[in-house]
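Q: Following the hints, position chain B against chain A.
Protein chains in written order, with this note's numbering: chain A, 39 to 550; chain B, 39 to 550.
Warning: the hint list may mix true and false statements.
Claimed, not checked - Between beta-carbon pairs, the in silico distance windows are:
no. : chain 1 : residue 1 : chain 2 : residue 2 : range
1   : B       : Arg404    : A       : Gly374    : 30 to 36 Å
2   : A       : Asp541    : B       : Gly388    : 55 to 61 Å
3   : A       : Gly393    : B       : Glu198    : 38 to 44 Å
Claimed, not checked - Negatives, chain A to chain B, calculated, CB over 12 Å:
no. : residue
4   : Gly52
5   : Arg53
6   : His59
7   : Thr92
8   : Glu93
9   : Asp111
10  : Asp149
11  : Ala223
12  : Gly265
13  : Gly388
14  : Thr426
15  : Ala530
Said to hold, decoys possible - Coverage of chain B stretches by chain A, computed from C-beta distances (three or more under 8 Å per stretch; other residues unrestricted):
no. : region
16  : 120-133
17  : 245-255
18  : 427-434
19  : 493-504
Read the hints as simulated data drawn from the structure, not as lab findings. Just so you know, these numbers come straight off a predicted model, no measurement behind them. Ideal Cβ placement from N, Cα and C applies to all residues, glycine included.
Number of protein chains: 2
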Amino acid sequence: MTESDLAVVQLTPGRWGDPTHRAEVPPAALAALQQLGVHRPPPSAEPVDRPGPTEAQLAFLTAVVGVEHVATDLAARWAHTRGYSTPDLLRHRSGDTTGMPDAVVFPGSHDEILQLLAGCAERDLAVVPYSGGTSVVGGLAASRRFVTVVDLRRLDQLVELDEISRTATLQAGVRGPAAEALLAARGYTLGHFPQSYEGASIGGYAAARSSGQASAGYGRFDQMVVGLTLATPRGTVQLGRAPMSAAGPDLRQLVLGSEGAFGVITSVVVRVRPRPTERHFEGWRFESFDAALTAVRRLAQDGPLPTVLRLSDEAETAVNHPAYAGSALVIIGFDGPYQPGTAAVLTEAGGQSLGAEVGDAWRTGRYQAPYLRDPLLDEGALVETLETATFWSRIPALKAEVTEALVKSLSDQGTPPLVMCHVSHVYETGASLYFTVVCAQHDRPVEQWQTAKQQASQAIAAAGGTISHHHGVGADHRAAYAAEIGPLGVAALQAVKDVLDPDGILNPGILI
Amino acid sequence: MTESDLAVVQLTPGRWGDPTHRAEVPPAALAALQQLGVHRPPPSAEPVDRPGPTEAQLAFLTAVVGVEHVATDLAARWAHTRGYSTPDLLRHRSGDTTGMPDAVVFPGSHDEILQLLAGCAERDLAVVPYSGGTSVVGGLAASRRFVTVVDLRRLDQLVELDEISRTATLQAGVRGPAAEALLAARGYTLGHFPQSYEGASIGGYAAARSSGQASAGYGRFDQMVVGLTLATPRGTVQLGRAPMSAAGPDLRQLVLGSEGAFGVITSVVVRVRPRPTERHFEGWRFESFDAALTAVRRLAQDGPLPTVLRLSDEAETAVNHPAYAGSALVIIGFDGPYQPGTAAVLTEAGGQSLGAEVGDAWRTGRYQAPYLRDPLLDEGALVETLETATFWSRIPALKAEVTEALVKSLSDQGTPPLVMCHVSHVYETGASLYFTVVCAQHDRPVEQWQTAKQQASQAIAAAGGTISHHHGVGADHRAAYAAEIGPLGVAALQAVKDVLDPDGILNPGILI
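Bound-form chain A, shown alone (with noise of 0.2 Å):
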């Protein structure tokens, strides 16, 4: 049956990442948290189980991907409701089952999911594309039933290495850290190392616009992509004869983002490096985040630009390094030679050098801070995180008023907040911010969560920033994003979906 399929999840439904890494609250934290009101919540409850599809649906989809590879027991179906939102944790602990799907196929290939589109859209079932299933703006929530979730964990291949044009093709179902041991078995590396590197996939870094804490020297993973293979009900669309190319619009890059609403990417085709033989990791001080800021502008303006490059503001480095409270903590990393120029840039801002010891443990620790949610869920605070980009001359005012927004829209409802932001990408005309906060849950958490952040959201549009430098739109966003395009752009972007979706199965409520 399913058995065999699901052995090879490694992440815990509802709870983020690898269940033999659990995190605990550190005590100092529940002191904190006993500041802020946090009590804990009602224990979680399970989910009840509800009809799955006819039997005429299953025996067209086992048709396509054989028995073994279609699952409509409860457990893989409540394995692949929804993504790892706070709120989406916090409906996973209430047993709330709306968004569960009614059955969950692996296909083999390409071409079977080719069959399963066709197929679904002349029998009307919805389709949710599922890669790492990591999700933090729900972007695995199909509007609509019957939806079969389309998980590409089978397809896990590295296809071809070009060690001349240092191109590699992936197919969507890598993970992370599969991607990166195929290709460090041949000497290279992606250099793509989001935060949810440990469960997200390269289907999912493309079709979400991914961007890893090593962007300023890998660059984002739109950036890497050169070529890709995307499934559509009407067939296959295959792009990319040229690193560039002037032959019209970039079709690559309308692909990249879709989040499954287009279609279903089934491989990509990828820059590689070789990887490195050195790495060098440094924590430097600043007075403050504004101080931190120029000198980080500086770098990534001037260089020499470092392969990681990220900035704690004051809050942040409280929390995350108390030894250095009052100050804005700033990392820098190299894969491959220490560039020499950088200490004087950063000297020459105020920094004060805090030597390998604070780089290296940010970069040992980069993974941990996600499986820390779970254990502060179930202590009864709300932890959540959201992010924008904007020009640097935007930076500062989008800074405090998203924080202001928050801190207002969160304490009117009782729960005041700790909001802390981080720098974590740079480019030469501007940067992302990324604020996590911190606070009591109250009764109704994800309701108490909607409404702080449409009023985050509200500022970042008025501050002019996007709605997302890196978790994507998913349903969460999609009226900040039509905001953010306009409605002309909303109209060709469905314009594009009904051409390659004409009876809309794909990822319904997803984007647009």
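A: Just chain B, lined up with the frame of chain A:
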């Protein structure tokens, strides 16, 4: 009437470039042309006028832009007929008025363009957006009448310079040299130097995905654009709240390369950089194109990456640098300090430095080559270029197969050609190939070239290249482009066009 507008025309209709700069074919080249069987063609014919707009049409156009900004005289319309491909020039010489617009208007603002487009849609009048007019792929040849050319030269302002974010908002009609002058006055540069620099404009750079000679250092134009404003018959599209975003597909990359078929790009926000205070250009000589290709690839993949990096094959080197005949010449150039590691990479790959003289000679002469085309056509030579790009591993085969196709097709027509090639744009994963072809004109030179071009285009597709790296699609590459993106890709673009331009008035016959 139109005199004042036309006074700012810098280019001579039907002849490339600044009329005060005239080139002559060197005697040695004339001798070589004899070898190719070149003889003088018949003299040019004058165009015969034909009726322009009706009174009602003229009344509408003048109501929007003012009578002094509408031109219907033969000179103005002839000057806006077609672009600068060799077939375009040959048709011009024969007095062929096919594709001559009925009127030329010079709007002064985005709002006037919105009004023009809405009104033209209402009246079913085709519109050709015109900024520099330098298309070499038939990008200005609307396939139906009545045709209004919207000339953007009055949109010539630097609207805003954000020195913190290092972005500049430039209107679409700003020519290359004017953009540099406006930015230089503030200490900045765009760094975009295509061979069409003297004639082409910001709007055209964006609409046709231009790439300049310094693309290794400054990037392509589509990589410089962080925001843009598009006027369509249905209203305005405004894009770009951040350098990069995960809020859906990158719609900027859907407008870039749309070649006037989706709307008129009226302004762009581009990344700018401080003007360099020093420059270093050098020539290097290699035993063969293949040896030099390895060296160039090494720099593109592992650095140091010069601002300018180009490689002429043996045939091009023999013509342009006869002193080094038998070698393949590489030009490297740095805007800013010389990167000392470069020489080691080139030397290790078998290169021999020729010093600054060859590099500086290339730099000072870099806009001169197109001026030679007109006197060569006068002598009866057929001279034209075409270009492509692909991944590094395919470059040698692509070069060989395109060369073979050109030689075979033109030899079969009784006019054996000289085919030269260079690499002028490099990426980590691949590069461009630019071919220059010279042979004798036969008595129907347009058809002669079309036959050869079609064979070359088929060879490009068969070898896995894109139909254009930086010239664009226009009318000339439409069929090859359709094959490149496939029927679903074409349908998706047509759907976007149908949303933005439901009456199909914008650049009909161009792109799709």
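Q: Now look at each hint and say whether the structure bears it out.
A: Hint check results:
The hinted window of 30 to 36 Å between Arg404 (chain B) and Gly374 (chain A) holds, with their beta carbons roughly 34 Å apart. A hinted range of 55 to 61 Å holds for the C-beta pair Asp541 (chain A) and Gly388 (chain B), which are about 59 Å apart. One distance hint, 38 to 44 Å for the beta-carbon pair Gly393 (chain A) and Glu198 (chain B), holds here, with the actual separation near 42 Å. The beta carbon of Gly52 (chain A) is kept farther than 12 Å from every beta carbon of chain B, the shortest such distance being approximately 24 Å.
For Arg53 (chain A), the non-interface assignment is confirmed: its Cβ lies about 25 Å from the closest Cβ of chain B, beyond the 12 Å cut-off. For His59 (chain A), the non-interface assignment is confirmed: its Cβ lies about 27 Å from the closest Cβ of chain B, beyond the 12 Å cut-off. Once the 12 Å rule is applied to beta carbons, Thr92 (chain A) is consistent with being away from chain B; the minimum gap is 31 Å. The claim that Glu93 (chain A) is not at the interface with chain B holds, since no C-beta of that chain comes within 12 Å of its own (minimum 33 Å).
Separation of Asp111 (chain A) from chain B is adequate, the least Cβ-Cβ distance of about 34 Å exceeding the 12 Å criterion. The beta carbon of Asp149 (chain A) is kept farther than 12 Å from every beta carbon of chain B, the shortest such distance being approximately 16 Å. No Cβ of chain B approaches the Cβ of Ala223 (chain A) within 12 Å, the least distance being about 20 Å, so the stated non-interface status holds. In this structure Gly265 (chain A) is not separated from chain B by more than 12 Å, as the shortest Cβ-Cβ distance comes to only about 9 Å.
Residue-level check passed: Gly388 (chain A) sits 18 Å from the nearest beta carbon of chain B, beyond 12 Å. The Cβ of Thr426 (chain A) does not lie farther than 12 Å from every Cβ of chain B; its closest approach is about 7 Å, which violates its non-interface assignment. With a closest Cβ-Cβ approach of about 5 Å to chain B, Ala530 (chain A) is found to fall inside the 12 Å limit, against its non-interface label. Here the region 120-133 of chain B counts 0 residues with a CB under 8 Å from a CB of chain A, which misses the bar of 3, and the coverage is violated.
Counting residues of the region 245-255 of chain B whose beta carbon lies closer than 8 Å to any beta carbon of chain A gives 4, which reaches the threshold of three, so the coverage claim holds. Counting residues of the region 427-434 of chain B whose beta-carbon sits less than 8 Å from any beta-carbon of chain A gives 6, enough to reach three: the coverage restraint holds. With a cut-off of 8 Å between beta carbons, the region 493-504 of chain B has 3 residues touching chain A; three or more are needed, and the interface restraint holds.
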